[in-house]
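K.L.:
For the record, the sequence lines run as chains A and B.
Under this note's numbering, think of the first position of the first sequence as 6, with each following residue one higher.
Under this note's numbering, think of the first position of the second sequence as 4, with each following residue one higher.
These aren't lab readings, by the way, just hints derived from the structure by calculation.
Any given hint could be a false lead.
To be verified - No more than 20 Å apart at the CA atoms, straight line, and that leaves these computed lysine to any residue pairs for SDA-like:
| hint | chain 1 | residue 1 | chain 2 | residue 2 |
| --- | --- | --- | --- | --- |
| 1 | B | Lys15 | A | Glu98 |
| 2 | A | Lys175 | A | Ser185 |
| 3 | B | Lys15 | A | Arg260 |
| 4 | B | Lys15 | A | Gly227 |
| 5 | B | Lys15 | A | Leu259 |
| 6 | B | Lys15 | A | Gly266 |
| 7 | B | Lys15 | A | Pro8 |
| 8 | B | Lys91 | A | Ser256 |
| 9 | B | Lys91 | A | Leu259 |
| 10 | B | Lys91 | A | Ala108 |
| 11 | B | Lys15 | B | Asp74 |
| 12 | A | Lys175 | B | His18 |
| 13 | B | Lys91 | A | Leu211 |
| 14 | B | Lys91 | A | Leu22 |
| 15 | B | Lys91 | A | Ile25 |
| 16 | B | Lys91 | A | Ser104 |
| 17 | B | Lys91 | A | Thr9 |
| 18 | B | Lys15 | A | Asn7 |
| 19 | B | Lys91 | A | Glu109 |
| 20 | B | Lys91 | A | Gly95 |
| 21 | B | Lys91 | A | Arg260 |
| 22 | A | Lys175 | B | Arg19 |
| 23 | B | Lys15 | A | Ser258 |
| 24 | B | Lys153 | A | Glu109 |
| 25 | B | Lys91 | A | Ser185 |
| 26 | B | Lys153 | A | Lys175 |
| 27 | B | Lys153 | A | Asp20 |
| 28 | B | Lys153 | A | Gln264 |
What the hints assert, rightly or not - Here's a subset of chain B near chain A, in silico, CB distances under 7 Å, partners left out:
| hint | residue |
| --- | --- |
| 29 | Ser68 |
| 30 | Leu70 |
| 31 | Lys91 |
| 32 | Arg93 |
| 33 | Arg94 |
| 34 | Ser105 |
| 35 | Phe118 |
| 36 | Ala121 |
| 37 | Glu124 |
| 38 | Asp148 |
| 39 | Met152 |
| 40 | Leu232 |
Glycine included, C-beta positions come from ideal geometry on N, C-alpha and C.
So you can see what is in the structure, the chains are spelled out below.
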Amino acid sequence: MNPTLDKLLAILRRDLLTAIRHRSGFMVTLVGVFTELAAFYYLSRAIGPGFRPDGVAYFPFLLVGTGLYTFFVMSAQAFLNVVQEAQQTGTLEVLMTTSTSPAELIILSSVSAFGGSLTNLLVYVFAGVAVFRAAVHANLLSCLVVLILSMALALALGIFAATVQIAFQKGSALVWLLGSGLWFLSGTLFPVQSLPQPLAVLAAALPLRYAIDGMRGALLDGQSISALAPTLSALAIFVVVLLPLALGALSVSLRRARQGGTLSFY
Amino acid sequence: MDQVIFESVTKKFRHRPALFNWVGRERTGETVALHDVSFAAAPGDVVALLGPNGSGKTTTLKLISTLLLADAGSVRVAGFDVQREAGKVRRQVGIAVAAERSFFPRLSARENLDFFAALDEVPRPARPGRIEEVLRDSGLAEQADTLVMKFSSGMYQRLGLARALVKRPSVLLLDEPTRSLDAAATAHFWATINALADQETTVFLATHNFAEAAAVATRLLLLHGGELLADRVMGTRFSGDQFSGGRSSGDPVGNGGSADELRSLYFRLTGEPDTGSHQIGFAETRAAIRGRGAAS
Chain A
6 MNPTLDKLLA ILRRDLLTAI RHRSGFMVTL VGVFTELAAF YYLSRAIGPG FRPDGVAYFP
66 FLLVGTGLYT FFVMSAQAFL NVVQEAQQTG TLEVLMTTST SPAELIILSS VSAFGGSLTN
126 LLVYVFAGVA VFRAAVHANL LSCLVVLILS MALALALGIF AATVQIAFQK GSALVWLLGS
186 GLWFLSGTLF PVQSLPQPLA VLAAALPLRY AIDGMRGALL DGQSISALAP TLSALAIFVV
246 VLLPLALGAL SVSLRRARQG GTLSFY
Chain B
4 MDQVIFESVT KKFRHRPALF NWVGRERTGE TVALHDVSFA AAPGDVVALL GPNGSGKTTT
64 LKLISTLLLA DAGSVRVAGF DVQREAGKVR RQVGIAVAAE RSFFPRLSAR ENLDFFAALD
124 EVPRPARPGR IEEVLRDSGL AEQADTLVMK FSSGMYQRLG LARALVKRPS VLLLDEPTRS
184 LDAAATAHFW ATINALADQE TTVFLATHNF AEAAAVATRL LLLHGGELLA DRVMGTRFSG
244 DQFSGGRSSG DPVGNGGSAD ELRSLYFRLT GEPDTGSHQI GFAETRAAIR GRGAAS
């Protein structure tokens with residue numbers, strides 16, 4: 006078996022066993038998903054059917070915006086947790102002495118947590134459609150392309166969070182920034198066109214905004230890949246720029262940590 | 004060929020205080036963890052790094068394991084440079100650190116070992132047998148399927164050794180490996196180390212237990228404040244009287260002196276009382292080694 010695949014399977018098995026043995030974790034997550042959806046459902050009802058941002062009903066608009074936003078935050082948090090937990094339990098130094106390179110280790114370790122946030126997104130959207138009757142007109146191919154690009158983007162953001170944690174022991178700051186500033190500016194709850202001009206310009210520079218716009222177009226409007234081309238291109242450019250940058254930054258921060266003896270600091 | 008080579012290695016830790024710390028006080032400047040340290044260890048050597056707290060023992064182990072990078076000088080393991088060929092070095096080195104909570108608590112001992120073995124690229128078909136072997140060698144066969152969060156300190160320590168051994172390293176690094184072990188487990192542990200050294204594994208042992216270092220090592224490096232004060236070749240392993248038979252290894256640091264002078268120096272540096280307990284010998288360990296010999 007390919008060693009990388011073997012390592013990935015070992016990591017998935019570790020995380021699955023740990024999740025199973027934390028018996029209540031899954032139920033808590035599920036209850037959280039339904040509570041959040043219910044809150045958005047009744048919020049959209051309170052606002053009324055007259056409010057149709059980007060030409061779609063408000064609840065589906067919220068469903069995609071908050072679902073994808075949560076996916077990004079959870080993914081970045083997952084990478085951060087991988088490093089933070091390993092630092093706190095003392096496993097990081099031991100893991101860094103195995104035959105697996107540190108970058109490979111961090112990326113592989115995050116895959117299962119990444120899988121968790123993806124599952125959360127799918128459950129969220131499925132429950133929104135099946136239980137709360139959100140109207141969707143999905144173009145599945147477009148959805149898949151947006152999802153793949155969004156995952157690559159989440160990977161870059163996650164690696165940045167891990168990098169900040171290793172370099173400054175403050176990866177949570179990046180997740181906080183993601184959780185506050187980006188939430189406000191990326192069109193999660195309302196269209197970015199509602200923002201004042203300077204903030205709308207700032208929003209145009211945020212990759213999350215394109216991921217959310219793309220998914221709304223693909224899932225709610227059934228837009229084809231060609232119709233979504235400008236959004237997908239912007240998203241692809243962000244991925245091409247940010248992913249190598251994140252990997253480079255991780256490599257530098259690991260080397261600096263080995264030089265300074267701060268690998269296990271938290 | 005030497006398995007581990009330190010050439011004029013210096014390692015400093017810089018203390019960078021917080022930018023806006025107007026309330027508390029933090030140390031500034033730097034700590035010299037190792038200064039111009041040179042030595043070499045051959046396959047089968049059991050090298051004891053001896054010295055008081057803060058003398059540079061753990062830093063030495065971390066440099067060998069690639070966890071730290073030297074500021075000056077070079078460290079080579081099995082012919083590979085730890086800075087430029089860290090991946091190749093890590094394939095050679097197994098480390099059992101003092102903080103042995105470094106496991107996944109909701110996995111069993113066997114599951115933990117399987118996980119680390121996969122990361123160490125132990126081939127999948129070979130893993131079950133290899134894991135059984137190290138569990139047996141570390142005395143954990145009966146606890147193999149117990150979740151490690153239920154382990155005692157001593158069991159964690161034994162599992163740490165098992166983890167270090169599962170990839171069959173050519174260099175084994177042990178940081179205070181018997182700190183939490185009882186007498187029987189210690190004897191079993193040293194018998195395992197003896198067998199590994201017989202198979203040409205180079206063992207580094209960081210300890211501030213003089214008796215243990217004198218009894219088990221074939222080589223003794225005395226560190227203090229990051230300086231290598233003495234480098235001595237001892238007698239054969241576990242003979243019980245190696246210390247009095249010690250000899251200088253060419254006196255590389257200009258401070259070889261007699262074995263008794265080294266002992267006096269150690270106790271003067273640490274302030275510990277010299278009770279002479281190192282001459283009691285390791286009867287249980289020798290018995291365990293004989294037992295292994297008979298079994299094989």
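K.L.:
It remains to establish, for every hint, whether it holds in the given structure.
P.N.:
Right, here's what the structure says about each hint:
no., hint, verdict
1, Lys15/B / Glu98/A, "holds (19 Å)"
2, Lys175/A / Ser185/A, "holds (16 Å)"
3, Lys15/B / Arg260/A, "holds (15 Å)"
4, Lys15/B / Gly227/A, "violated (60 Å)"
5, Lys15/B / Leu259/A, "holds (17 Å)"
6, Lys15/B / Gly266/A, "holds (9 Å)"
7, Lys15/B / Pro8/A, "violated (36 Å)"
8, Lys91/B / Ser256/A, "holds (17 Å)"
9, Lys91/B / Leu259/A, "holds (17 Å)"
10, Lys91/B / Ala108/A, "holds (15 Å)"
11, Lys15/B / Asp74/B, "holds (7 Å)"
12, Lys175/A / His18/B, "holds (18 Å)"
13, Lys91/B / Leu211/A, "violated (40 Å)"
14, Lys91/B / Leu22/A, "violated (31 Å)"
15, Lys91/B / Ile25/A, "violated (36 Å)"
16, Lys91/B / Ser104/A, "holds (8 Å)"
17, Lys91/B / Thr9/A, "holds (16 Å)"
18, Lys15/B / Asn7/A, "violated (40 Å)"
19, Lys91/B / Glu109/A, "holds (15 Å)"
20, Lys91/B / Gly95/A, "violated (23 Å)"
21, Lys91/B / Arg260/A, "holds (16 Å)"
22, Lys175/A / Arg19/B, "holds (16 Å)"
23, Lys15/B / Ser258/A, "holds (18 Å)"
24, Lys153/B / Glu109/A, "violated (31 Å)"
25, Lys91/B / Ser185/A, "violated (43 Å)"
26, Lys153/B / Lys175/A, "violated (31 Å)"
27, Lys153/B / Asp20/A, "holds (19 Å)"
28, Lys153/B / Gln264/A, "violated (35 Å)"
29, Ser68, "holds (5 Å)"
30, Leu70, "holds (6 Å)"
31, Lys91, "violated (9 Å)"
32, Arg93, "holds (5 Å)"
33, Arg94, "holds (5 Å)"
34, Ser105, "holds (4 Å)"
35, Phe118, "holds (5 Å)"
36, Ala121, "holds (3 Å)"
37, Glu124, "holds (5 Å)"
38, Asp148, "violated (12 Å)"
39, Met152, "violated (9 Å)"
40, Leu232, "violated (23 Å)"
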